[in-house]
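Turn these sequences into a full structure, and let the hints guide you.
Chains as they are written, first to last, in our numbering: chain R, 1 to 125; chain L, 1001 to 1300.
It should be emphasised that the hints constitute simulated quantities derived from the structure, not laboratory data.
Some hints here could point you the wrong way.
Keeping only pairs whose Cα atoms sit at most 25 Å apart, straight-line, the calculated DSS-like set for lysine-lysine is [what the hints assert, rightly or not]: (1) R:LYS98 with L:LYS1259; (2) L:LYS1132 with R:LYS43; (3) L:LYS1115 with L:LYS1100; (4) L:LYS1148 with L:LYS1285; (5) L:LYS1066 with L:LYS1296; (6) R:LYS43 with L:LYS1259; (7) L:LYS1140 with L:LYS1115; (8) L:LYS1113 with L:LYS1100; (9) L:LYS1178 with L:LYS1284; (10) L:LYS1100 with L:LYS1076; (11) L:LYS1100 with L:LYS1066; (12) L:LYS1259 with R:LYS124.
A partial selection of chain R residues facing chain L, derived with a Cβ cut-off under 7 Å [what the hints assert, rightly or not]: (13) PHE45; (14) PRO49; (15) PRO76; (16) PRO103; (17) SER112; (18) THR120.
Cβ coordinates follow ideal geometry from the N, Cα and C atoms, glycine included.
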Amino acid sequence: MKPAKYIAPILIISILFCVVIPCFIDHYALADEKEQVIQITAKRFEYSPNNITVKKGVPVILEFISLDRLHGFSCPALGIRSDIFPDKKTRLRFIPDKVGAYPFHCDNFCGSGHEGMTGTITVKE
Amino acid sequence: MNIDRREFFKLTGIGSVIFVTAVGSLGNLANAASSEKDDFFFVQLSDTHWGFTGPAVNPDSAGTLKKAIAAVNGLKNQPDFIMFTGDLTQTTDDETERRKRLSEFREIVSQLKVKNVRFMPGEHDAGLDDGKAFKEFFGKTHYSFDYKEVHFIVLDNVSDPSSSIGEAQLQWLGADLKRLGKDARIVVFTHRPLFDLMPDWDWHTRDGAKAVELLMSYPNVTVFYGHIHQEHHYKTGHIAHHAAKGLMYPLPAPGSVPKKQPISWDAAMPYKGLGFRSINAEVKKITYVITEFSVKGERL
Chain R
1 MKPAKYIAPI LIISILFCVV IPCFIDHYAL ADEKEQVIQI TAKRFEYSPN NITVKKGVPV
61 ILEFISLDRL HGFSCPALGI RSDIFPDKKT RLRFIPDKVG AYPFHCDNFC GSGHEGMTGT
121 ITVKE
Chain L
1001 MNIDRREFFK LTGIGSVIFV TAVGSLGNLA NAASSEKDDF FFVQLSDTHW GFTGPAVNPD
1061 SAGTLKKAIA AVNGLKNQPD FIMFTGDLTQ TTDDETERRK RLSEFREIVS QLKVKNVRFM
1121 PGEHDAGLDD GKAFKEFFGK THYSFDYKEV HFIVLDNVSD PSSSIGEAQL QWLGADLKRL
1181 GKDARIVVFT HRPLFDLMPD WDWHTRDGAK AVELLMSYPN VTVFYGHIHQ EHHYKTGHIA
1241 HHAAKGLMYP LPAPGSVPKK QPISWDAAMP YKGLGFRSIN AEVKKITYVI TEFSVKGERL
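Below you can see the structure in the form of structure tokens.
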């Protein structure tokens, strides 16, 4: 038996194990991680929930509704914002691309507690 | 206060004055002499928040504005005019209370000796009713006027709760500027900063860049604003932006703490962080000299 004739099959099998199969595994793993849909209600002067945890690289849909008046949602560090209307759902889709804790706030002036209407999005690996 | 030429030079030596110059420089001071008759000065007061209560941050909330008015009246030379750059009152959902506060504020500031007093709203005055109550007491929320050789523009970036100037007002600004020559001396008053000072703290104007773009082709523009309750100086290109202290409570420096909230009252240093300023406009040199004062009128 000449060892040289086994080199090509061994190489192919190695590539399968090392590159192709992990890609499939990765693909199916990501496919399992569906969009994260998070419902957020806003009312003067709070969000519920106001601490949100999401996973890096997995699309997020924030679904807003206001229980009283026009509010806003702005997270400058992640470059996302939306108006939040009463009696009308607003959806905001984004893909978190960096790990960390990022504050968000209401950016439509809503009264005496407006400046305290804040929250945090935490992006984890 | 005396903003005559000798006093002016004296002040430069103790560092209590900020020079703001569009085309001139400190070196030009030595040559300044020919145009004093055109020079003038005005006082900027901001963020008086009449109606606010919170002993932890200002146990003299009902007295601070009155002290500041007395201090302005006590200046040795009276200003040519006085400008209030918004948040005259503390916000309230109650429309009757809002008008009561605006009325009380107007009554208090009517005690100013200088009768050329101009107003603009902050979001606390105008953000909940699109400026309706403010207009009843003080008229338009955006306007322009000329004083001597300077064109003053008052921009409203608060009546829209989204902290926007809006397309209609931007068009008005563009038309107002078109009337001017490119060498015009322009001073802009706003409540919020026109630039992104600290968007996380709502210290910005959503479409402020559009206003700055309109102003950018004029080489002699300076902006005075309020909202952030502290002295702050910044430049966008050649345009200088100067924030004034407030007269109710100070706020922390941009980004210096995780969460923005009023700085607590310091019993050892009452009224610390509060005050007003005078701006000496040296028209020919296109220089503005800012002098900061405490609530009681002591030069800082």
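Structure-based check of all given hints:
1. R:LYS98 with L:LYS1259: holds, 22 Å
2. L:LYS1132 with R:LYS43: holds, 24 Å
3. L:LYS1115 with L:LYS1100: holds, 22 Å
4. L:LYS1148 with L:LYS1285: holds, 14 Å
5. L:LYS1066 with L:LYS1296: holds, 10 Å
6. R:LYS43 with L:LYS1259: Distance of about 20 Å is within 25 Å: holds.
7. L:LYS1140 with L:LYS1115: Measuring from Cα to Cα gives roughly 18 Å; hence the hint holds.
8. L:LYS1113 with L:LYS1100: OK: L:LYS1113 and L:LYS1100 at ~23 Å, within 25 Å.
9. L:LYS1178 with L:LYS1284: holds, 22 Å
10. L:LYS1100 with L:LYS1076: Outside the cut-off at roughly 33 Å; violated.
11. L:LYS1100 with L:LYS1066: Distance ~17 Å between L:LYS1100 and L:LYS1066 Cα, so the pair holds.
12. L:LYS1259 with R:LYS124: holds, 22 Å
13. PHE45: violated, 11 Å
14. PRO49: violated, 18 Å
15. PRO76: Holds: closest Cβ of chain L sits about 4 Å from R:PRO76, inside 7 Å.
16. PRO103: With a minimum Cβ separation of about 6 Å from chain L (threshold 7 Å), the hint on R:PRO103 holds.
17. SER112: holds, 5 Å
18. THR120: violated, 10 Å
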